[in-house]
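Enquirer: One-letter residues, chain by chain:
Number of protein chains: 4
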Amino acid sequence: MKKLGIGLVGSGFMGRSHSHAFHAAPGIFDLPLTPSMEMLADVSEEVAAKAARALGFARSTGDWRKLVADPAVDLVDITTPNTLHKEIALAAIEAGKPVYCEKPLAPNAAEARQMADAAERAGVKTAVGFNYLKNPMVALAREIVANGEIGEVVSFRGIHAEDYMTDASAPFTWRLDEKGGHGVVADLGSHIISIARFVVGPIASLVGQIETVVKERPVGPGESRRRKVLVDDEARALVKFENGATGSIEASWVAAGRKMQLAFEVTGSKGTVVVDHERMNELDLYVTGQPAGREGFKKILAGPAQAHFREFVPAPGHQLGFNDIKTIEVRALIMALAGGAPFQPDFREAYEIQRVVDAIVLSAHEKRWLDVSEV
Amino acid sequence: MKKLGIGLVGSGFMGRSHSHAFHAAPGIFDLPLTPSMEMLADVSEEVAAKAARALGFARSTGDWRKLVADPAVDLVDITTPNTLHKEIALAAIEAGKPVYCEKPLAPNAAEARQMADAAERAGVKTAVGFNYLKNPMVALAREIVANGEIGEVVSFRGIHAEDYMTDASAPFTWRLDEKGGHGVVADLGSHIISIARFVVGPIASLVGQIETVVKERPVGPGESRRRKVLVDDEARALVKFENGATGSIEASWVAAGRKMQLAFEVTGSKGTVVVDHERMNELDLYVTGQPAGREGFKKILAGPAQAHFREFVPAPGHQLGFNDIKTIEVRALIMALAGGAPFQPDFREAYEIQRVVDAIVLSAHEKRWLDVSEV
Amino acid sequence: MKKLGIGLVGSGFMGRSHSHAFHAAPGIFDLPLTPSMEMLADVSEEVAAKAARALGFARSTGDWRKLVADPAVDLVDITTPNTLHKEIALAAIEAGKPVYCEKPLAPNAAEARQMADAAERAGVKTAVGFNYLKNPMVALAREIVANGEIGEVVSFRGIHAEDYMTDASAPFTWRLDEKGGHGVVADLGSHIISIARFVVGPIASLVGQIETVVKERPVGPGESRRRKVLVDDEARALVKFENGATGSIEASWVAAGRKMQLAFEVTGSKGTVVVDHERMNELDLYVTGQPAGREGFKKILAGPAQAHFREFVPAPGHQLGFNDIKTIEVRALIMALAGGAPFQPDFREAYEIQRVVDAIVLSAHEKRWLDVSEV
Amino acid sequence: MKKLGIGLVGSGFMGRSHSHAFHAAPGIFDLPLTPSMEMLADVSEEVAAKAARALGFARSTGDWRKLVADPAVDLVDITTPNTLHKEIALAAIEAGKPVYCEKPLAPNAAEARQMADAAERAGVKTAVGFNYLKNPMVALAREIVANGEIGEVVSFRGIHAEDYMTDASAPFTWRLDEKGGHGVVADLGSHIISIARFVVGPIASLVGQIETVVKERPVGPGESRRRKVLVDDEARALVKFENGATGSIEASWVAAGRKMQLAFEVTGSKGTVVVDHERMNELDLYVTGQPAGREGFKKILAGPAQAHFREFVPAPGHQLGFNDIKTIEVRALIMALAGGAPFQPDFREAYEIQRVVDAIVLSAHEKRWLDVSEV
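Heads up: the protein sequence lines correspond to chains Y, E, L and A, in order. Mapping the first sequence onto our numbering, position 107 (from 1) lands on 107, and the numbers just tick up by one. Mapping the second sequence onto our numbering, position 324 (from 1) lands on 324, and the numbers just tick up by one. Mapping the third sequence onto our numbering, position 306 (from 1) lands on 306, and the numbers just tick up by one. Mapping the fourth sequence onto our numbering, position 302 (from 1) lands on 302, and the numbers just tick up by one.
Take the hints with a grain of salt, since some may be wrong.
For identical chains, the list gives no copy identity; a pair is met inside one copy or between any two copies.
When the alpha-carbon atoms are kept at most 30 Å apart in a straight line, the in silico DSSO-like pairs for lysine-lysine are as follows [stated by the list, open to error]:
1) Lys-86 - Lys-270
2) Lys-367 - Lys-270
3) Lys-179 - Lys-270
4) Lys-299 - Lys-134
5) Lys-125 - Lys-66
6) Lys-270 - Lys-2
7) Lys-179 - Lys-66
8) Lys-215 - Lys-270
9) Lys-270 - Lys-299
10) Lys-50 - Lys-2
11) Lys-86 - Lys-228
12) Lys-270 - Lys-228
13) Lys-240 - Lys-228
14) Lys-50 - Lys-3
Derived from the structure by calculation, the hints contain no laboratory data.
With these hints in hand, go ahead and build the complete structure from the sequences.
Expert: Put into structure tokens, the structure is as follows:
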């Protein structure tokens, strides 16, 4: 079978996750291309070599440019901090190689647009890793809405809250560095925005609020010196969708106790859909018109009737995990690269998501409603 | 024992609820005054007489002024539609009689302020029926926050959503009449605002959004003629509290499937508290600093350790209901009338709540952030 | 309106609960008889007098025989420890007065049968306070089963577990005294047995297991002297119903953390019903034949569509509490006394429940299956 | 790195699951041996060849004896229906090759013992795929119990219920064939028995009940001819553990609506642990001694603090799925084969589990309590 040479740049949380997914996908799915772990690049030869061994890549390099240029690399997979995405992606695009990039695509919408424009000009396929869109229960939510099963969409209430920055003594990381753009609104907010767009549609206008809760943090692990935090720990927006629905979007990484509260509720004129990723194998569905005394939300458990579940396990209730969702993402990417349906979200969609992120921040700074098109 | 002569104006949902509570309170609590159901007023002699029989009132009248003037009536209890609150309350205050009034206090903040001012000038005690503040689990949330058990308050996320207006063919009621002021933001929004103030504190500024989802409705039951709806079916606000915490507040009466989603989440620097009135006997509490591998939200069930539970039933898990909460409210009122701690929320606090309601609407119309003090 | 003179014997947890219910019922329901709190009897004049004041009874006595004989007492209401039930009930029956008695009816089935026989011979109406049968959601479970909405009943899995005896230093009470018959199998087990019979039907045979977990306890509060516990802390049975369904029944008062786990699951050939009293306003219903990908348990919240909810509160989601259920029980009793449908469970049904209790204990002692008819 | 040649016999649900796990394990874990998919055997050359292609095995055969004899096969992995386990396993043992076999090990305890005896005599390592023991939350339950965090174990209440045989028109499969031994008590019951033993300890005695709910079924898909079902659709037992704890165990494959209700509750003298595989990333823990008014079950979400979670994903709340658990199982097996801690459960433990299965069935037939040692 034809091989797909993978060149992975970065080997952190997401680098490992991509690697797991590429390893797992051929065993789970019937694929037209077989991923081949060709090369891994990281900040140094040593780091890259060690990661390559751990993740099963054939070769490694401390210079991502070599990876982009390597003839065995068919796909450039970027899982670095987001300040590096653009340079690597543009090089890959210039080399005519498809790019698979982690989210958020760029520190700001302007750079994201450059990337999307470049890819489209070059006719290069792109993919951005908004994992949760590939959760079968999120896909089910979209299907229910698209089918009109809950009528016209009236409102959306979404949040992505975790607590990994709750501890005020948690030190700086690249996620807190203002050079990377924004804080939680980009890191987690982009996920719930991606879902809002996926399930309900484009956001026309919004008013945002952002807050830096922990004003300064240690510059690094074990350091007593502190640095001022310039990015947001919390973000919120009231939104109006192009289709007339309204709603709210929130993000926090200081939500004590919340580990994966990526949750949303879509209310329609005839029903409601609820998903929460702390129970990512469930979807609650209410529809109007049930018999009196028998009305209620139905709890649907993930099972073979949902997209791509069956390939993992043929029995309902046997649950998918986070890595399985990433495997579904990789499948969609491989199918797209082999000529199937275009992958979504691509750079263009990631740019649209980033615009909403930027709009929330701009709106918060200017303390006013604004149209997303202003960004 | 000394009697407290009750004069009830109105006999709908809330009139019945107050009546249940006055009947039940002396059996549950050791009270300094015994409620005596003296007189019930309603829109006509007939309606009042029938309600008085059903609810155990000694006398009835079609003219609330007679009730206010009646020497046996010690407390004027107002459960009419809110457009009537002011006139009745002012008459009672003029008569020097304490007033117990359903929420929202008035169609707008200006009228609410007149009422509060009048009561304070006259030195008359007042009480407003924001029932859910009397839920022991809401009181527990406040206690946990006040104790600092979750550190400094960082954020509040609250909603009150129900679905009784979801059906687009549901006809006009007084709640939809713009003469009564606002729509759901007043009817349900005032509840979640009352909780936000009770648990976190005053709201300094906000930006609001309101939406009329069903644009017109039948003028009455069984009528085909339709009338334009001018009040809100949905409302949202981003808020900043005076203490620096931020948050969001939402209200909807078109939230299909939600029957009593009066839910809130208070996040602090060291923990989180969650309450949802669809399970009103529960409170979820997370605190930081739990041992690794044993971290989690604790589900606290209502029981005798919570305020006023023991008087209803001495065993935990045996649950209070909606009417029990109203009985707790009535107890607090009777204690206040007998010289105990002042009842809260009084007209002044209800005015402050109404200001937030009005501020949301004004902000939504003007599409800008505003200080609540502007209202 | 005609009065119903209540004579209450006992003023503990259940005495108070009955009193609350009699006070509340006329305000909630339209009743043919008005309860009048005539007399309260307890272990001494002093105790009785104090309780009478607290609970609103006109007179009191230290001698229950006077209460039974009192011409103003129309109903003898027994809430004493169960060793006293028989003597009082037989006296009331002899006086031709209807009896309302707490559960379990007697320390053993033989005495329960005597009581049932005596009542039937005398044509006296009886009622036994298995409260939870009056929970609208339990009634709904029965209705769903009776309607065939889940097909033929296949199995029943029920438990009543609480934790009030978990602490090994919790002292003796009358509930632990072997003179009162059995332990948790009678105290809590009788509740889940009453539900099994109510929802599924009579139990034909069973095999039981009982266990005394805490072998000895302090003789009283603050006492260091210990007494051997002879009754069960835990009980279980496998059962076969007369209609062919099978199942299990469990009871425990040493179930750490469980406050009101009176929970059951009825599986039918076409669906399943689940109720848990820690969330007593909910019922989960699954039916087969739902569309693929939309299958799930439906969570039905208590509301006006369920029996007797509307009289308490007209809005769904606004929850009933434990005392409300007791009020529903009292309503059914008053209706029966006024010539309406006979109250269930009566002494005969309570005897049948007690037979199952005794059968579990006997089976456990003899370590064999037995027919309930052997008891 | 040293390779571990895998020979897989069978390619159904579990064959695929094992294959996924072997593919995934080296990417997730740092392993001393690298699995190499050497050969796959199935009922025919054609079936085997197709499965080998799909699952990434190098070679295939229609004769499992060739697989056992193949020098490149280091591990014989058996995922056939259980009637075939013994013959294949004994051949592998004779060839001195370790065996990894799906559960239940054999149709009955006698055969399981032969297999365990043969393996021990030959000094061959064995492993049986009771997946759920490898769920980190089940391991956590065991750890909590073993640590004494909930005191002495008092009782166990466990169930494994699904609904794949609810439909009375679901046709015969090998699982229903009495030649394979028992019905659900073996298929699902063995899982909950394995957990009971893993968390609490050996079962000394029991009384069982089994029931064939659907008395006859179509002989095959689309067939109108019916065959009598001789195995159980439901099974229950009351048990006594060797350590004195008591409990109940249930299994059903006709539990309408239940997809993966593998749930258990361990009550100790000082707390309770609850796990339910429909939410397999959660564990509820209650401990006594919490402050008054702050008592409750704590919901612990799976995260890096639990065994083996971190290797899959470093962030809590990001959930493992069914296949991940199987990957943890494969890791433990590979470590054992490389000289690490012996794998559990091995054939000996699987025999002990099977004895409990057989004891339930025998007890049900003879309608008596029996010691598991009688089997």
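Enquirer: Against each hint, give a clear statement of whether it holds in the structure.
Expert: Right, here's what the structure says about each hint:
In the homo-oligomer, the alpha carbons of Lys-86 and Lys-270 never lie at most 30 Å apart, since the shortest distance is 43 Å inside one protomer and 38 Å across protomers. In this homomeric assembly, Lys-367 and Lys-270 come within 30 Å of each other (Cα to Cα) only across copies, at 29 Å, whereas the closest approach inside a single copy is 35 Å. In this assembly of identical chains, the alpha carbons of Lys-179 and Lys-270 lie at most 30 Å apart only when taken from different copies (29 Å versus 45 Å within one copy). Within a single copy, Lys-299 and Lys-134 get their C-alpha atoms as close as 20 Å, and across copies as close as 27 Å, so both meet the 30 Å cut-off.
Within a single copy, Lys-125 and Lys-66 get their C-alpha atoms as close as 20 Å, which meets the 30 Å cut-off; across copies the closest is 46 Å, which misses it. For the homomeric pair Lys-270 and Lys-2, neither the shortest alpha-carbon distance inside one copy (48 Å) nor that between copies (49 Å) is at most 30 Å. For the identical chains of this complex, Lys-179 and Lys-66 are intra-copy neighbours only, at 26 Å inside a copy versus 62 Å across copies, given an alpha-carbon limit of 30 Å. Taking the closest pair of Cα atoms, Lys-215 and Lys-270 come within 30 Å of each other only across two copies (16 Å); inside a single copy the shortest separation is 44 Å, beyond that limit.
For the identical chains of this complex, Lys-270 and Lys-299 are neighbours both inside a copy (17 Å) and across copies (17 Å), given an alpha-carbon limit of 30 Å. For a Cα distance limit of 30 Å, the shortest separation of Lys-50 from Lys-2 qualifies both inside one copy, at 28 Å, and across copies, at 18 Å. With identical chains, the CA atoms of Lys-86 and Lys-228 are at most 30 Å apart within one copy only, with a shortest distance of 26 Å there and 52 Å across copies. Proximity of Lys-270 to Lys-228 under the C-alpha cut-off of 30 Å is restricted to the inter-copy arrangement: shortest distance 21 Å between copies versus 48 Å within a copy.
For the homomeric pair Lys-240 and Lys-228, the shortest alpha-carbon distance between copies (22 Å) is at most 30 Å, but the shortest distance inside one copy (34 Å) is not. For the identical chains of this complex, Lys-50 and Lys-3 are neighbours both inside a copy (24 Å) and across copies (20 Å), given an alpha-carbon limit of 30 Å.
Checked against the numbered hints listed earlier, the structure breaks hints 1 and 6; every other hint is satisfied.
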